[in-house]
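First to last, the protein sequences are chains E and U.
With the numbering used here, letter number 137 in the first sequence gets 137, and the count goes up by one each step, no holes.
Add 274 to the 1-based position in the second sequence for the numbering used here, that's all there is to it.
Think of the hints as simulated: they come from the structure by calculation, not from any bench.
A portion of the hints provided could be inaccurate.
[Stated by the list, open to error] Below, simulated BS3-like cross-link-like pairs (lysine-lysine); rule was C-alpha separation at most 27 Å, straight line:
no., chain 1, residue 1, chain 2, residue 2
1, U, Lys-344, U, Lys-379
2, U, Lys-344, E, Lys-16
3, U, Lys-342, E, Lys-16
4, U, Lys-379, E, Lys-200
5, U, Lys-379, E, Lys-17
6, U, Lys-344, E, Lys-27
7, U, Lys-379, E, Lys-16
8, U, Lys-342, U, Lys-286
9, E, Lys-29, U, Lys-344
10, E, Lys-29, U, Lys-379
11, E, Lys-42, U, Lys-372
12, U, Lys-379, E, Lys-42
13, U, Lys-379, E, Lys-27
14, U, Lys-286, U, Lys-344
15, E, Lys-29, U, Lys-372
16, U, Lys-342, E, Lys-42
17, U, Lys-342, E, Lys-27
18, U, Lys-372, E, Lys-200
19, U, Lys-344, E, Lys-17
Below are the chains, spelled out letter by letter.
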Amino acid sequence: MFGLSRIGTDISTSVKKACSSAETAPKRKHVRACILYTWDSKSSRPFWESIKLLPIQDNEIQVFKALITMHKVCQEGHPSALVGGYRNIPWIESLGRYRGNESPYGRLIHAYAAYLVQKLRFHHDHRGFNGTFEYKEYVSLTAVSDPNEGYQNILDLEDLQDSLDDFGKLVLAAATHNHGNECMVSALVPQIAESYGIYKFQVSMLRAMYRSSDAPEALEPLKERFLGQYHRLYDFYADCSAIRYLTSLITIPRLPFEPPNLTAADDEDGPDAR
Amino acid sequence: MSTTKAVLRSIKNVTNGYSAAQVLVRNATSNDPSGPTVAQMADVANHTFDRGEFLEIMDIIDRRLNDKGKYWRHVAKSLTLLDYLVRYGSEDVVIWGKDNVYVIKTLREFQATDSVGQDQGAIVRVKARELSDLLNDDERLRQEREAASKKRGRRRRRF
Chain E
1 MFGLSRIGTD ISTSVKKACS SAETAPKRKH VRACILYTWD SKSSRPFWES
51 IKLLPIQDNE IQVFKALITM HKVCQEGHPS ALVGGYRNIP WIESLGRYRG
101 NESPYGRLIH AYAAYLVQKL RFHHDHRGFN GTFEYKEYVS LTAVSDPNEG
151 YQNILDLEDL QDSLDDFGKL VLAAATHNHG NECMVSALVP QIAESYGIYK
201 FQVSMLRAMY RSSDAPEALE PLKERFLGQY HRLYDFYADC SAIRYLTSLI
251 TIPRLPFEPP NLTAADDEDG PDAR
Chain U
275 MSTTKAVLRS IKNVTNGYSA AQVLVRNATS NDPSGPTVAQ MADVANHTFD
325 RGEFLEIMDI IDRRLNDKGK YWRHVAKSLT LLDYLVRYGS EDVVIWGKDN
375 VYVIKTLREF QATDSVGQDQ GAIVRVKARE LSDLLNDDER LRQEREAASK
425 KRGRRRRRF
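Next comes chain U alone, as it looks inside the complex (with noise of 0.2 Å):
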């Protein structure tokens, strides 16, 4: 199920002409039950460091977030990667997410029911929490960022 799923959005990639960034959003966000994995998010929080590409990953982000209910999955793996983003990628990130911090403060009451009638939504609304405390903290920010720089540093020369 899940393969054919993933042969349908590398389809979708090339038909609605995808940027090679966006695409990598698009898998790390996509409605998988797992991931995104750390390597994915990295490999995004990279592509953030140039102008043109930052725009095409923000874009995606946007409207995986403003996804409907029974999608959750994108809406929660989009703040964990916005979250991600915002420690490890650039700069650009942080003024985004500030922007438009009433895009996520808004998820902080969605709601969700899968088909089963179980409630999805909780997950999605302690992240949008968590992740506009952390937006509206500019001094936790830094330091957060700061702490990530710094591990970035020592896998860079470790390898």
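If we strip away everything but chain E, and leave its shape as in the complex, we get (with noise of 0.2 Å):
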């Protein structure tokens, strides 16, 4: 009934627009448009099947465009837009195959594309976690109820948060080599989006397992890394805080200056940057 003036656009159309050959950020309109389809429709289908009929192998530049998209749409998108990622890993994997290392680009497809396809695995793995991780109470009730699944869990999105670390210092030195390049640089925003979901759930889920375990030492490992990524996690946001690009254009979550204490209970979490 509402937003039928919406599915009369063309999807290929603003597929084609959003990873145009232009060294710049993709277009946010364009990119809204596609995640807008989604839900629209209800299906990610027709999303995934435009974007792999673009024609796109010879130009890294539009590679990386099309990255950067799907990884928007994964995140905003209907939960079919997981999904359709996961059936489509063997053509995501082929673009990161592609390139060698000759410019600055091809490290970077290379990176994106093998992050793109673990986090497409982790949430084939774990149902209940939506693109961007957005707290959802009942899932850390399940992990909590089944320790193991838990422990699981968290070891899991310590891997993905892990891979995202690394990618983003790529990205960051990638940016500030080429001077703060836009079209690298929007693909940080969906990084830090991600990166901070993650880190939110990390917190809250350690907490209830702290809180329904009666073996604190079993955990200690996860809080170890946990630790380690929180301060990797600061200076990675104090680095982008220094982007105006990024700055302008979204908020750049501040983490509390100590670490978050794990075993208290689950009301003082610092100032909330969302």
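Each chain sits in its own coordinate frame; assemble them with the hints.
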């Protein structure tokens, strides 16, 4: 009933415009059109079909922009976007394989494709998480009722956070080397949202685990690793805050100066930057 | 300038066959630099209690929310209006907002630069973030609506 005007817009046109060959950020309005399309039609198939048909293979900027677009649609689109992405893992891997190291984009594309595949596999194994890992009470509750599963969940989340961290560093290095190139910097936008979502989730999940667990020693390795990630994330956000293009576009979350106390009750979260 | 635009808009209202309620919304979310006024928003809110008019109103708001960057005022004003309707309008507005929260959420990264190169998207980004947070927080939403209905009752008694 609603949004008929939007369904009328052609998804392949939006995809084509989002992944144009200009070395700029993928235009938000076209990315948004793709995201809205998946919600309006409650399906991501047309999106994946049209992005696979794009003749982008010979242009590394277009490949990179396509990866950013896919990442955004997986994050903000209808849940079916994640399922569709999982089916297209071989194609995403082929995008990552295709270029060597001869240009700054080559390495980024390779790392981005690898990260996207890892993210899609994670979502396939752990249903209940949405694309940006927004906190959902029931997921942490199910994790607590089955400590083994909860342990595995946190471990997998930490793996994902590590890869995200490595990839973020790569992008930051490439972007500063190329004088704040907007096309590269725009890849940081979905990364910031995702890393913060994972961080929030880890905190509340670990807290719930500590509260219900009889053997807190068993959680020590998870905590150690989390603290390391906390410090790296803190630095990552500090580096991102120095990029004007980013700070004008999104609010970069500010982590508390001290790492959160995991054994405390679930009240003091520090200033919430969302 | 703005008067010619206003005249043009009233002609469009007739030629495109908009209903009375839709005209109210179009006026409240126009490209004029001022408004929407509280009176305009309250007017629209009263019309959301009529089932048929509600659908017409949301149709226009939906279109305005998806306007292009050049018309960032349409988007910003529709968010203001929708925020008001969620508090003061009928329960249907809340249900519509929850069903279509992705339309609002995706506006959190809205971008628009005017002819002088000034960034005008910030206001839309802030409003979109606030409204989607409100729609996600059932408890706060309930309190806001209760407070709003009390205020409305007081106003009615005074007149």
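Quick rundown of the hints versus the structure:
1. Lys-344/U - Lys-379/U: holds (20 Å)
2. Lys-344/U - Lys-16/E: Holds, at roughly 21 Å.
3. Lys-342/U - Lys-16/E: With a Cα-Cα distance of about 18 Å, the restraint between Lys-342/U and Lys-16/E holds, given a limit of 27 Å.
4. Lys-379/U - Lys-200/E: holds (19 Å)
5. Lys-379/U - Lys-17/E: Satisfied, since the Cα-Cα distance of roughly 21 Å is no more than 27 Å.
6. Lys-344/U - Lys-27/E: OK: Lys-344/U and Lys-27/E at ~14 Å, within 27 Å.
7. Lys-379/U - Lys-16/E: holds (23 Å)
8. Lys-342/U - Lys-286/U: With Cα atoms ~19 Å apart, Lys-342/U and Lys-286/U stay inside 27 Å; holds.
9. Lys-29/E - Lys-344/U: holds (11 Å)
10. Lys-29/E - Lys-379/U: holds (13 Å)
11. Lys-42/E - Lys-372/U: With a Cα-Cα distance of about 16 Å, the restraint between Lys-42/E and Lys-372/U holds, given a limit of 27 Å.
12. Lys-379/U - Lys-42/E: holds (16 Å)
13. Lys-379/U - Lys-27/E: holds (17 Å)
14. Lys-286/U - Lys-344/U: holds (19 Å)
15. Lys-29/E - Lys-372/U: The given pair, whose Cα atoms are some 22 Å apart, holds under the 27 Å limit.
16. Lys-342/U - Lys-42/E: Roughly 23 Å separates the two Cα atoms, so the pair holds.
17. Lys-342/U - Lys-27/E: Since the Cα atoms of Lys-342/U and Lys-27/E sit roughly 12 Å apart, the hinted pair holds (cutoff 27 Å).
18. Lys-372/U - Lys-200/E: holds (23 Å)
19. Lys-344/U - Lys-17/E: Cα-Cα ~18 Å, so holds.
In summary, this structure violates none of the numbered hints.
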